[in-house]
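Peer 1: Make a model of the complete structure from these sequences and hints.
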Amino acid sequence: MKDKIFRGLLYGACVLVLLLCAAMVYSLVSGSWQAFGQFGFFRFLFSAEWDPTAGKEEYGAWAFVTGTLYTSFLALVLCIPFSLPVALFTGEYFRKTRIASVISSIVDLLAGIPSIVYGLWGFYTLCPLMKSWGLSDQGFGVLTSSIVLAIMIIPYASSLSAEFISMVPNELKEGAYSLGATRLEVIRTVVFPVAGSGIFAGYVLALGRALGETMAVTMLIGNTIQIPRSLGDTGNTMASVIANQFGEASGLKLSSLIAIGLLLFIITAVINFLGKLIMKRQRGK
Amino acid sequence: MTIMENMQDTTQGSPKHCILEFKDVSISYTEGKWAVKSVNAAIKERSITAIMGPSGCGKSTLLRSVNRMHELYPEIKTTGQILLDGKDVLQMNAMEVRRKAGMVFQRPNPFPTMSIYENVLAGYKLNGIKVSKAQKDEIVQKSLQDVGLWDEVKDSLMKRGSFLSGGQQQRLCIARAVALRPRILLMDEPTSALDPIATRKIEDMLLELKKEFTILIVTHNMSQAARISDDSMFMYLGELVEFSDTQTIFTNPRDKRTEEYLSGQFG
Ligand SMILES: Nc1ncnc2c1ncn2[C@@H]1O[C@H](COP(=O)(O)OP(=O)(O)OP(=O)(O)O)[C@@H](O)[C@H]1O
Ligand SMILES: [Mg+2]
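Going line by line, the protein sequences match chains V and U. Be aware that the first sequence starts at 1, since it is given in the working numbering, and climbs by one per residue. Be aware that the second sequence starts at 1001, since it is given in the working numbering, and climbs by one per residue.
I should point out that these hints are in silico values taken from the structure, not numbers from a laboratory. Glycine is no exception: its CB is placed at the ideal position from the N, C-alpha and C atoms. Keep in mind that a hint or two might mislead.
To be verified - Across the chosen pairs, the derived CB separations fall in these ranges:
no.: 1; chain 1: U; residue 1: I1197; chain 2: V; residue 2: R183; range: 35 to 45 Å
no.: 2; chain 1: V; residue 1: V270; chain 2: U; residue 2: L1072; range: 41 to 51 Å
no.: 3; chain 1: U; residue 1: D1085; chain 2: V; residue 2: I99; range: 19 to 29 Å
no.: 4; chain 1: U; residue 1: Y1073; chain 2: V; residue 2: K131; range: 46 to 56 Å
As the list claims (entries may be wrong) - Footprint (simulated), chain V over chain U, 3 or more residues, beta carbon under 8 Å:
no.: 5; segment: 1061–1074
no.: 6; segment: 1119–1127
no.: 7; segment: 1172–1182
Peer 2: Here it is, written out as structure tokens:
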């Protein structure tokens, strides 16, 4: 009897979570209805116009979509040269040693830092540096945001990659060593190809994180509504424009912001789904 | 005594040149504990030498010292000399040694991301040895023929090896080792993961390979040793207790421990 009640509660909780998720999607869709209805889905997506002047209101997501994609992919590229060595170090070179666990816990620490702290660090330390190096006029912009984002996603990318690298069977590595391979060659021809899709999935999931990151980016990107033309340019992201503007928004503008939220939700959901899918296939092997 | 009936006649023929020589070889994983103790032995060219002995007696350790694979455990200590063609492998470059001494493992381990063709050529790729397309084709065909796999896979060379049976995968791994034309083939219980039919096929194939290669094989299977080996080693607690031609060791062992092991009293 007790068992039945417990099971009922479990089911209830699960169903509730699913309902919450559905409710969220519903409210996003219904909230964005006005904007999509007014402009049409594709026009809204691909227009970079953002004009709140009463009477000739015109909203489009493209400036924010590009800003989000630029910063996220740039962050992904920037994080590879750091996360991959960390993954190799902890997953292969010093596998199952104390050094490896110390390093991976320090890197994991990065994941625990609140993003507002990253934002502060970027604002007070990185921005002045970027300015003095001449990489950006005001210190803010796409590159500054991407650098901070890259640091933020290193732990996600490296811990997943390390997991898959350390799962490469020892007998395969021994097979390669027995043919006269050096460690580097073993890594290149056996470890990377075998762990490949797992490593890739790790980066896809890290990208998913970068796409939705709000606080730090909002503090660093400059929040100008334009499609960034260069790395030093300021811009805006989907998450940032929502955070910045939803407070005083109403009517069509609010609906447009919600529509941007829906788009962001779809993009990250697809990215995360892909990452999980690749990872599941790799784990299953 | 079916073992005896299957025995190869090794008593005839002129004494063969020795290709590999262990000189007072001792190996320890941990300070003061010898996994291999003062082993002295000379392995004849183009012969099959079996290493037998109970679990943990040091067979794999001794075998892996020949191509220095035992050094993958960094704390390991090796003393003595292991002469391959008169040169001490312990003084040579480990990568060079491993090209000259091919290895086959207990479980088939073809590279899962490579095709059958690429697997056979993996040694060339890993060592950065450049060969023309025609040479590659020739190496692949010859190596696969050597292990009796050519006819079975010649139409699916570009497929991954994962659809092959265990026995076929193991033969692919032997082909991969053979492709580099090593001086010696080291095999650590190569058939212990296979069914009797696949095992028999590999044994027959080893007898063919012997015409070209020297084979050192660890086996738990005494009838296998009797069937295919010319010479046999019996190891116990790290020591090489007895080493002689297979017929003698099976019919007339010198040491009591050998006799007990071979008659199945321990091990
Ligand atoms: N990686 C290792 N670290 C420490 N000791 C080891 C290691 N590998 C083997 N040994 C020890 O060395 C000795 C010889 O081991 P080895 O693997 O050579 O035996 P074996 O004869 O091949 O046994 P089996 O028939 O079970 O394969 C054993 O006492 C074993 O405990
Ligand atoms: Mg062994």
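Peer 1: Just to make sure I understand the rule, a stretch counts as covered if three or more of its residues have a C-beta closer than 8 Å to a C-beta of the chain. Does the segment 1119–1127 of chain U meet that for chain V?
Peer 2: holds (count 5)
Peer 1: Holds or violated: the 19 to 29 Å window for the beta-carbon distance between U/D1085 and V/I99?
Peer 2: violated (40 Å)
Peer 1: Check the following: the C-beta atoms of U/I1197 and V/R183 are separated by a distance inside 35 to 45 Å.
Peer 2: holds (38 Å)
Peer 1: Can you let me know if the beta-carbon spacing of U/Y1073 and V/K131 is within 46 to 56 Å?
Peer 2: holds (53 Å)
Peer 1: That 41 to 51 Å hint for V/V270 and U/L1072 (C-beta), does it hold up?
Peer 2: holds (43 Å)
Peer 1: With a C-beta cutoff of 8 Å, work out whether three or more residues of the segment 1061–1074 of chain U approach chain V closely enough for the coverage to hold.
Peer 2: That given contact holds, which follows from 3 residues of the segment 1061–1074 of chain U lying within Cβ reach (below 8 Å) of chain V.
Peer 1: Are there three or more residues in the segment 1172–1182 of chain U whose C-beta lies within less than 8 Å of some C-beta in chain V?
Peer 2: holds (count 4)
Against the hints set out earlier in the document, a violation occurs for number 3 only.
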